[in-house]
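Using the sequences and the accompanying hints, generate a full structural model.
Number of protein chains: 2
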Amino acid sequence: MSKELVFGHQKPDTDTIAAAMAFSYYQNQLGYETEAVALGEVNDETKFALNKFGMQAPRVVETVANEVDAVMLVDHNEPAQSVADLDQVTVTHLIDHHRLNGFNTAQPLWATLRPYGCVSTIITELFQDAHIDIPQNLAGMMLSAIISDTLLLKSPTTTDHDGEAVKHLAKVAGVDYEEYGLQMLKAGTNLAAKSDEA
Amino acid sequence: MSKELVFGHQKPDTDTIAAAMAFSYYQNQLGYETEAVALGEVNDETKFALNKFGMQAPRVVETVANEVDAVMLVDHNEPAQSVADLDQVTVTHLIDHHRLNGFNTAQPLWATLRPYGCVSTIITELFQDAHIDIPQNLAGMMLSAIISDTLLLKSPTTTDHDGEAVKHLAKVAGVDYEEYGLQMLKAGTNLAAKSDEA
Ligand SMILES: [Mn+2]
Ligand SMILES: [Mn+2]
Ligand SMILES: [Mn+2]
Ligand SMILES: [Mn+2]
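Going down the list, the sequences are from chains H and G. Take the first sequence: its position 90, counted from the start at 1, is 90 in the UniProt record's numbering, and no numbers get skipped. Take the second sequence: its position 113, counted from the start at 1, is 113 in the UniProt record's numbering, and no numbers get skipped.
No lab work stands behind these hints: they were computed from the structure. Treat each hint with caution, since some may be false.
Away from chain H, derived, C-beta distances all over 12 Å, residues of chain G [unchecked claim]:
| no. | residue |
| --- | --- |
| 1 | Y25 |
| 2 | N28 |
| 3 | V42 |
| 4 | E78 |
| 5 | R99 |
| 6 | R114 |
| 7 | L152 |
| 8 | K171 |
| 9 | E178 |
Pulled a few chain G residues facing chain H out of the computed Cβ check, cut under 10 Å [claimed, not checked]:
| no. | residue |
| --- | --- |
| 10 | Q56 |
| 11 | L94 |
| 12 | H97 |
| 13 | N101 |
| 14 | F103 |
| 15 | Q107 |
| 16 | W110 |
| 17 | A111 |
| 18 | T112 |
| 19 | L113 |
| 20 | P115 |
| 21 | Y116 |
| 22 | S155 |
| 23 | T158 |
Where is the CB? At the ideal position from N, CA and C, for every residue including glycine.
Right, here's the structure in full:
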């Protein structure tokens, strides 16, 4: 099996970045060779989370077919939200929590779609089902993603699965998720950005 | 949650019937109210399996929107292979091993797609992950489905997952899968049908 790239949607949010990092790590533990990449620069909220947990932003790519034959998608499935040359590679894996819209494949694929508040919640369950430990810093990123997508478990898309995952990840990451979550959400607002400059 | 119907494709094969029965049972164990139905009469091979394991063919339906608001699809996703009034109901769950082709949803859904030889293999793994026991007669039907879709694990689409599932299901069903499998595949051929008539 040759190397595959793992990435989320354009204009990446914290879930797209964290899910790509987490699913790449998960697949590498299973024996695949993968690398998490991003379709754009990370936003202020994601930067705050990466800094807090001591991790680097994934490499930004414009196209993928120049590097690989196959890719894994997270946090999106609509071709219009994906990499420009998606039609030139095979999607072998898809993990998403959005409606299916215009996503067709030439071959059967491995896909896990759940109507949860966040893809990082789905990936947390995949780790648990496979009895693979989540490293502390990665757990922090996945926690940040759930806090971001569910607005601290308060958005109408939040499910019990998201709540369970937050509790588990906060424990692994060693943070108070409510206190940290408010700081992170604040870092992602324009207000915070302006205050920083001030 | 109101009742949902679970069904496979038109011109049902053994996997479509067994997977609908198995996924309906699985969902009912999780607390949903579901019923397995079929989009046509079962074929000779499936009849042989149902008879062997003492089970009844699912009720045949022409449409579903007259009965339910929501459905679960197994063993297919192409609308052209599905029930005529699919566009009038919500698909809440999908379990399949075919390529995605023209399947779009208005809302996020629960879908597990795997590039395995048979949907009944995917459902076997769902039972195992959820620690739910498979009843003996249902295991026999799921075993029949894998034997049918993979031609006794010899088709090029066969994966290690299918082989593992066959071993597990044969044990639960209490049959020698090679001996039974040859009988079942023979029952599905025209030759066998003609011999029966003779
Ligand atoms: Mn996103
Ligand atoms: Mn998301
Ligand atoms: Mn079929
Ligand atoms: Mn099948």
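Here is what the structure says about each hint:
Remark: the non-interface label on G:Y25 is consistent with the geometry, its nearest Cβ contact in chain H lying 20 Å away (cut-off 12 Å). Non-interface call for G:N28 relative to chain H: holds, since the shortest CB-CB distance, roughly 19 Å, exceeds 12 Å. Separation of G:V42 from chain H is adequate, the least Cβ-Cβ distance of about 25 Å exceeding the 12 Å criterion. For G:E78, the non-interface assignment is contradicted: its Cβ lies about 10 Å from the closest Cβ of chain H, within the 12 Å cut-off.
At roughly 5 Å from the closest C-beta of chain H, the C-beta of G:R99 falls inside 12 Å, breaking its exclusion from the interface. Consistency note on G:R114: stated as away from chain H, yet its beta-carbon is not over 12 Å from all of that chain's, at 6 Å minimum. The Cβ of G:L152 sits about 20 Å from the closest Cβ of chain H, beyond the 12 Å cut-off, so the non-interface label holds. With a least beta-carbon separation of about 22 Å from chain H, G:K171 lies farther than 12 Å from that chain, consistent with its non-interface assignment.
For G:E178, the non-interface assignment is confirmed: its Cβ lies about 26 Å from the closest Cβ of chain H, beyond the 12 Å cut-off. Contact between G:Q56 and chain H, as hinted, is not supported at the beta carbon level, the nearest pair being about 31 Å apart and thus beyond 10 Å. For G:L94, the interface hint holds, the least distance from its beta-carbon to any beta-carbon of chain H being 8 Å, beneath 10 Å. Evaluation of the G:H97 hint against chain H yields a held restraint, the C-beta minimum of about 6 Å falling below 10 Å.
A cut of 10 Å between beta carbons decides the hint on G:N101: the least distance to chain H is about 5 Å, and the hint holds. Of the supplied interface hints, the one on G:F103 holds, with its beta-carbon coming within about 6 Å of a beta-carbon of chain H, less than 10 Å. Interface restraint check for G:Q107: the shortest CB-CB distance to chain H comes to about 6 Å, inside 10 Å, so the restraint holds. For the restraint placing G:W110 at the interface with chain H, the shortest Cβ-Cβ distance is roughly 6 Å, inside the 10 Å limit, so the hint holds.
Satisfaction of the interface hint for G:A111 is found here, the shortest Cβ-Cβ separation to chain H being roughly 4 Å, below the 10 Å cut-off. Annotation: interface hint on G:T112 holds; nearest CB of chain H at approximately 6 Å, less than 10 Å. Interface hint at G:L113: satisfied, since its Cβ lies 4 Å from the closest Cβ of chain H, which is below the 10 Å cut-off. With its C-beta approaching chain H no nearer than about 4 Å, G:P115 sits inside the 10 Å limit, and its interface hint holds.
Interface restraint check for G:Y116: the shortest CB-CB distance to chain H comes to about 8 Å, inside 10 Å, so the restraint holds. This hint is violated: G:S155 has a C-beta 13 Å from the nearest C-beta of chain H, more than the 10 Å allowed. Look at G:T158: its Cβ only gets to about 13 Å from chain H, farther than 10 Å, so that hint breaks.
Consistency with the previously given hints fails for numbers 4, 5, 6, 10, 22, 23, ordered from lowest to highest.
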